[in-house]
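Q: Residue-level listing of the chains:
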Amino acid sequence: MNETLAFWQQTLPSLLDGFRLSLQVTGVSLLLGIPLGLLLALGLRSPHLVLRAPLLAVIEVGRGASVLVLLQFVYFGLPTTGFTLSAFASVTLAFTWCTAAYTSEILRAGMEAVPQGQREAAQALRFNGLDTLRLIILPQGLPISIPALLGFAILMLQASSLAFVVALPELMSKAQLIGSNTFQYMPIFILVALLFAVICIPATVVVGYLERRLGRHL
Amino acid sequence: MSGEMLYTILGGIQWTVLLTITSLAVGVLLGAVLCAMRTSGIRLLDGLAAALILVLRAVPPIVWLFLIFFGIGTGIMQVSPFQAAAIGLGLITAANMAEIFRGALAAVHKGQWEAAQALSMPARWRLLDVIAPQLLRVSLPSIASYAIGLLKDTAIASTIGVPEIAFQATHVSQVTFQGLATFAFAGCLYIALSIPVAWASRWADQRMRLRVAR
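First to last, the sequence lines map onto chains A and B. Number 183 in our numbering belongs to position 183 of the first sequence; there are no gaps in the numbering. Converting from the second sequence to our numbering requires adding 1000 to each position, the first position being numbered 1.
Think of the hints as simulated: they come from the structure by calculation, not from any bench. Please read all numbers here as calculations on a predicted model, not as lab measurements. We treat Cβ as the ideally placed atom computed from N, Cα and C, and that holds for glycine. Wrong hints could be hidden among the right ones.
[Said to hold, decoys possible] Estimated spans, in silico, between C-beta atoms of each pair:
| id | chain 1 | residue 1 | chain 2 | residue 2 | range |
| --- | --- | --- | --- | --- | --- |
| 1 | B | 1033 | A | 134 | 22 to 32 angstroms |
| 2 | B | 1048 | A | 39 | 20 to 30 angstroms |
| 3 | B | 1036 | A | 80 | 26 to 36 angstroms |
| 4 | B | 1014 | A | 60 | 45 to 55 angstroms |
| 5 | A | 46 | B | 1013 | 50 to 60 angstroms |
| 6 | A | 14 | B | 1127 | 26 to 36 angstroms |
| 7 | B | 1033 | A | 46 | 18 to 28 angstroms |
| 8 | A | 177 | B | 1013 | 28 to 38 angstroms |
[Stated by the list, open to error] Covered by chain A, per the in silico footprint, the following chain B stretches (three or more residues, Cβ under 8 angstroms):
| id | segment |
| --- | --- |
| 9 | 1093-1107 |
| 10 | 1187-1201 |
[Stated by the list, open to error] Anything over 12 angstroms on all C-beta distances counts as not near chain B; from chain A, calculated:
| id | residue |
| --- | --- |
| 11 | 9 |
| 12 | 36 |
| 13 | 45 |
| 14 | 111 |
| 15 | 118 |
| 16 | 119 |
| 17 | 157 |
| 18 | 164 |
| 19 | 184 |
| 20 | 186 |
| 21 | 205 |
Can you make the complete structure from the sequences, with help from the hints?
A: Here it is in structure tokens:
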């Protein structure tokens, strides 16, 4: 037991370095992906099939293919077209794609939950499309989406551990490296699990609480 | 990409499907146990199950797989990549199934329990013959959409060497240096595999919905 604790003490700084990178990748992907998701969701309301079809393809591939495969597609695939990205950029690109695809559905559901009467009222008051969206739909639709978005953010943080397949030195890569050097796989991965649990368990509890609270009004 | 390469990737399908089905089966069985503990009304069991569910879902799948494959595999007992993946994904599935079942349990009408009791059915039959079939029908759409997510998550098993689609694609891309086509094909395979599941679920749901008492 003491041995394990000493081992943890010794390896923790390196793991925390990795965890910081995991959090960065997740944060950047969410910051880029959620606005893109909103654009996708808005684009899908367009009456023009020419616009809708490619957006739908982006969403369906982003949701339909495994994140791991998306990541490998970007990292190992794009260089063959003469377009090489760093590991960090590849991971961010793949995760942003995935985030945009999933959050577009979450945001669409949120916007659809705004009662139709609100739209009609805005129309009756001669609001134009942009104002209706900006002043009526989004302020009511976005709060409805928040618990689902936070839940998705937790999943993305977990998915960031997949970045180790492209050798991004995040938490999982660091742990794998330490494991293969010291052969202490069990203790090191338990520490990784604990690090994730420390962030994800409180976050899950908060999301559950928000869901119940926001659900009360519906 | 030659035909042989395509054939190699297609060869991964059987492992992807097998792993999905095995993990789902493990998940449904253990999930039912967790759900029973969670709704038992015994505080100790309830708390234990709630804690288990929280921990299982808080740690990413890949960490579970590595913990089982490398952690248990190198120290305690031999585990094959497939066993490690099936156990790891199965455990996470169990936690999610428990929550799905718990939600569905609330949707089965209370009168069904009372009616079964009024007919003086033994408790075991009450559950197996009256409640469980309706529970399954109610939770089917959620189970199906989880199964589609699980199908995609099995790609993670490639990292510990289960020869499924993503593993074969990685191998092929390393040999041919055609990552773009290879992974695009792999991605399409996952989408193609999930479509029949979605169809079957919608079809089954439409028929089964009629057979749940409201």
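Q: Looking only at beta-carbon atoms, does the pair residue 1033 of chain B, residue 134 of chain A fall within the given range of 22 to 32 angstroms?
A: 50 angstroms, violated
Q: Hint says 26 to 36 angstroms; check whether the CB-CB distance for residue 1036 of chain B and residue 80 of chain A agrees.
A: The hinted range 26 to 36 angstroms is violated for residue 1036 of chain B and residue 80 of chain A, with Cβ atoms some 52 angstroms apart.
Q: Would the least Cβ to Cβ distance between residue 164 of chain A and chain B come out above 12 angstroms?
A: 8 angstroms, violated
Q: Is it true that residue 1033 of chain B and residue 46 of chain A lie within 18 to 28 angstroms of each other by Cβ?
A: This hint is violated: roughly 48 angstroms between Cβ atoms.
Q: Under a C-beta cut-off of less than 8 angstroms, do 3 or more residues of the segment 1093-1107 of chain B approach chain A closely enough to confirm the stated coverage?
A: With 0 residues in contact (Cβ-Cβ under 8 angstroms with chain A), the coverage given for the segment 1093-1107 of chain B is violated.
Q: Per the stated criterion, does the least C-beta distance between residue 184 of chain A and chain B lie above 12 angstroms, as a non-interface residue requires?
A: 9 angstroms, violated
Q: Run the C-beta distances from residue 119 of chain A to all of chain B and say if the shortest one exceeds 12 angstroms.
A: Per Cβ check, residue 119 of chain A is outside 12 angstroms of chain B; nearest 29 angstroms; holds.
Q: Beyond 12 angstroms from chain B, beta-carbon-wise, is residue 157 of chain A?
A: Nearest chain B Cβ is 8 angstroms from residue 157 of chain A, so the label is violated.
Q: Residue 46 of chain A and residue 1013 of chain B, beta-carbon distance inside 50 to 60 angstroms?
A: Hint violated: Cβ distance 36 angstroms, outside 50 to 60 angstroms.
Q: Given the hint of 20 to 30 angstroms, is the C-beta distance from residue 1048 of chain B to residue 39 of chain A inside that range or not?
A: 45 angstroms, violated
Q: Over 12 angstroms from every CB of chain B: does residue 111 of chain A meet that, or does the non-interface label fail?
A: 21 angstroms, holds
Q: Just checking, residue 186 of chain A versus chain B, shortest CB gap more than 12 angstroms?
A: 4 angstroms, violated
Consistency note: the structure conflicts with the earlier hints numbered 1, 2, 3, 4, 5, 6, 7, 9, 17, 18, 19, 20 and 21.
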